[in-house]
Amino acid sequence: MENIFFDTNYTSLTDMLIKVIAFLLISGLLLFVIYLMLTKLLFRKNKHRKEINLRLVFLWTIFAYFILFNVYIFVLFYRNGIDSLHWTNAKFYLGIIVQLTIYIGLLAYFFIKRLSLKKIINEKSIN
Amino acid sequence: MATPTIIIGIGTSGLYTLENAQRFYYETYKTNKPKNVEFIYIETNESNRPVGTPIGNDITRVYISLDNMAEMIAELKTSCNNPSWLPESRVVLAAGLGAGGIRSCGRLAMWGRNQKGDNFGNVINAITNAYAKVMHVNNNDTNLAAQPTVFVTGSLTGGTGAGVFIDMGYLVRHIIKNAKDIYGLFLLPQEPKVIRGFEVMYGNAYGAIKDLEHYNKVENNYKEKWPNGFTKDLEAPPYELVQFISQDYQDGAPAISTLSGLYKMAGLYLFLNIAGIYEKRRERLVDAAGNSLIGKYGTFGLSAIQFPKDQIQEFVSSQLSIELLHRLTDSAEYYLNGQKRPISRASIKQNMAVMFDGILESAFATLNTVEARDLLVSIDKDATRINKGEIKGSPVEFIIGMFTSTRNDNYHAMVNNNIKSALNVFVDNIYQQVDNAMQSTENLYYAKYVLEDIVESIERTLSYWKSIGLSSQTQNWDNELRKLAIGCTKNTYKSVFEHDAVLKDRLNTIFELMKMHLSIRVLIDICKHVREGKIKLEGSNHELPKLQFFDELIKKLNALTGRTDELENGSISFARRLNDIKGDINDTTLPILRVYPSNSFSKECEKAKETYTQRSGGNVRSITEVIQQQNILNYLKQKQSGKFNEEIYLDFLKAFRLKVDTLNCIEDFNIASYIRNSTEESIRTARKATSPFLKINRVFTPSPYLPRFVVGDDSNEITDVLTAFRNQNYNDFPDTIDGKKELTDLKNIVVFYDEKGNYIPITDLSYINLMKDAYTNVPSGLADENITSERWKNNRSAYTTN
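Going down the list, the sequences are from chains A and B. Residue numbers for the first sequence follow this note's numbering, so the first one is 1 and each next one is one higher. Residue numbers for the second sequence follow this note's numbering, so the first one is 1001 and each next one is one higher.
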């Protein structure tokens, strides 16, 4: 638990759950911060279709966070060395289950949000 | 010395004769009449109106209405001592159009008075006014004779002319006390080949001749109490001289084939009189009367050698009019900037869809402001208040209250009350699009498609609005509104401090939806107006055009060009007129020899058209040639409200005739030189003039006291013509001062005139017995069994002369 960000070894279920919660909280916080920044930066001049714009900004936020997260993954693998990545070992996956959860979760979240935006701006929508 | 002259046309034949006289005068002098002449036309048929020349019409119309004849009869019985000629009420009620061929009905029309006016008074006023005008042309004009001359013309076959012609003579005598001469020029039916079916015509003519003969006898007085209170007991005959003409020739040559040919000859005679031959004729007639060579009845022969410049001008103008009308009604192609292009429906649809989006935006923008209050600003403020919690009640209820149809103090009420301004924007912009299309393409189909495709765009928009749950029904709107208001309070984006902007946007969206909901009715009305024509919608300046308007225009214009044959009988059309002109030109029964520099009428027309094309700057006709800078839609709409076909026909024809004339597309032709080169043919034509237009059982011996002369534009050239005739041993027209009349402006025609007299039509007309028979006996097999012998005879009589 000394290094929750760069340790890829599975120690215990409790540690893993703590790591998951910590990552989710940090991810949420980062998403919020990026979203807040982007809402103030993007589409400021466009006062119409505000809700759509904000939803679009959120997709950009996920995208931006996804890039950041990929950078983090790269650093994670770089620091641990390529020899420590035991792709055929199931225990290895338990060690990086937090990163996997966030990675897959982000992609899923992006597509869910994209779908809801599409629904709003489709032909029959009043927006 | 110019003689003040009034020419009075009675009935439809009188009108046609006057039109011809006016037209001959226009061809020669480029005005419809000289200032010392007035044309009056008296008619019982309301639908008949004078047709003018390219510069308009100078025939004054006096309509004598035959409405409420029974009441008119009742009144005349009281006011005029129950004149015995008055028809029975039951007879007149079955008369039909005009005087219905019943002579006493024609007379009744002139004497009567009804809600449309005092006919007798109107006729008197018209003659009095004409008299005043011709006598006061120019007070300093020492060349103006002091006494006026009056010509009365018409046919004696119908009810109107045969009914009023004797009254008219006496009425003129009553109004113009110092009249120099009162002449009658009356048209008689030609010698009948078959009398069956024409008994009314011949019977009326006989009755009229009989009545005239009665009043021409010194022992018979005209005794009447007129409706204006005057009691008349006059010894003088109604006319100094009555000239009768018909389609026949005295020498038995084939009769003039059409009545219009006879009107033409009568018109030519009247024209020549006002142009200058009257004085010459009168000098001879005074001598002839002194030698008992003329009597009370006369007739004349006329023939002419003519380059028909006017007919060529009219023919070419008609062709040009047809070309322009074809441009207006071309369903496949249009012209833009002189280039012919196909009408692409897909392209119009696409453009109009974009255009309608713009129109919709403008219309909705007008709804944002009510009495200088910007509703969008107001909505933004309301959004802020909601977010700050400065409202009473829940936000959902507050939002519903803002836009619900159930209140009269909210945005819904304000926009609803202002919806007319949106309608104005819709109508004005749609009108503008159609108008622009019409102005730029001069094609009715193009403009129609523009309108049709705008309406299609509207229908598509309405269908889309329907698909998102909108309708014009208020209940439906209130239900939708509740859903939208609830949606406004969810997911407010307060966490990123955007809740104000989001709510403002959401409220604006509701506001836009409300505008759509309120505009649905307006747009449906626009569609109904345009497609079905059921509703009348007006913008700030114009009524919205309808598809039906274009369809009707196209139909009528096609009929006018002869493309479709949907004209009523007798209606005017260019195709018909072209045929008439060709018929007239090729009519060998008319005593007019048509001559051309190129020996062909069609070649002259082609040449004139070619010249017009060169001088007018192109072979694409534009409506600006007719209406100049006027708006096309306004012009057509204005014409739609009147007698469309007639007015369009005249406008187009007049405009092109004027242009053909101004651009000098047809050069004059020296007729005298033609005669010198084709003397034999010219002599044949000149000889026709010596045979009058009437079949009389009497040989008219030539007399130097009676007018017989040649009319041309140059006295020397007439002399040359007569010399050429003499060289061919033809001496009917003497080369003396009396035998020549120079009218310097009379270009393109040489006229041969020969006057006859000293006969009694009631005995000398070759077919008078047949006419008498038609007058006396009821035709067998009449559908109306109520017509007894007595009633038949009464219908053919209008004066108590038995």
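Be careful, since some hints might not be right.
[Unchecked claim] Simulated pairs of lysine-lysine, DSS-like, Cα-Cα distance not exceeding 30 Å: (1) B/K1555 x B/K1609; (2) B/K1643 x A/K47; (3) B/K1193 x A/K118; (4) A/K45 x B/K1483; (5) A/K118 x B/K1494; (6) A/K47 x B/K1420; (7) A/K47 x B/K1033; (8) B/K1133 x A/K119; (9) B/K1133 x B/K1116; (10) B/K1490 x A/K45; (11) B/K1555 x A/K40; (12) B/K1388 x A/K45; (13) B/K1466 x A/K40; (14) A/K119 x B/K1116; (15) A/K45 x B/K1609; (16) B/K1643 x B/K1033; (17) B/K1381 x A/K45; (18) A/K118 x B/K1033; (19) B/K1388 x A/K40.
No lab work stands behind these hints, which were simulated from the structure alone. Computed from a predicted model, the values in this text were never measured in an experiment.
Now for the hints, and whether the structure bears them out:
no.: 1; hint: B/K1555 x B/K1609; result: holds, 27 Å
no.: 2; hint: B/K1643 x A/K47; result: violated, 58 Å
no.: 3; hint: B/K1193 x A/K118; result: violated, 91 Å
no.: 4; hint: A/K45 x B/K1483; result: holds, 29 Å
no.: 5; hint: A/K118 x B/K1494; result: holds, 22 Å
no.: 6; hint: A/K47 x B/K1420; result: holds, 29 Å
no.: 7; hint: A/K47 x B/K1033; result: violated, 75 Å
no.: 8; hint: B/K1133 x A/K119; result: violated, 85 Å
no.: 9; hint: B/K1133 x B/K1116; result: holds, 25 Å
no.: 10; hint: B/K1490 x A/K45; result: holds, 24 Å
no.: 11; hint: B/K1555 x A/K40; result: violated, 64 Å
no.: 12; hint: B/K1388 x A/K45; result: holds, 23 Å
no.: 13; hint: B/K1466 x A/K40; result: violated, 37 Å
no.: 14; hint: A/K119 x B/K1116; result: violated, 73 Å
no.: 15; hint: A/K45 x B/K1609; result: violated, 65 Å
no.: 16; hint: B/K1643 x B/K1033; result: holds, 26 Å
no.: 17; hint: B/K1381 x A/K45; result: holds, 19 Å
no.: 18; hint: A/K118 x B/K1033; result: violated, 82 Å
no.: 19; hint: B/K1388 x A/K40; result: holds, 21 Å
Consistency with the previously given hints fails for numbers 2, 3, 7, 8, 11, 13, 14, 15 and 18, ordered from lowest to highest.
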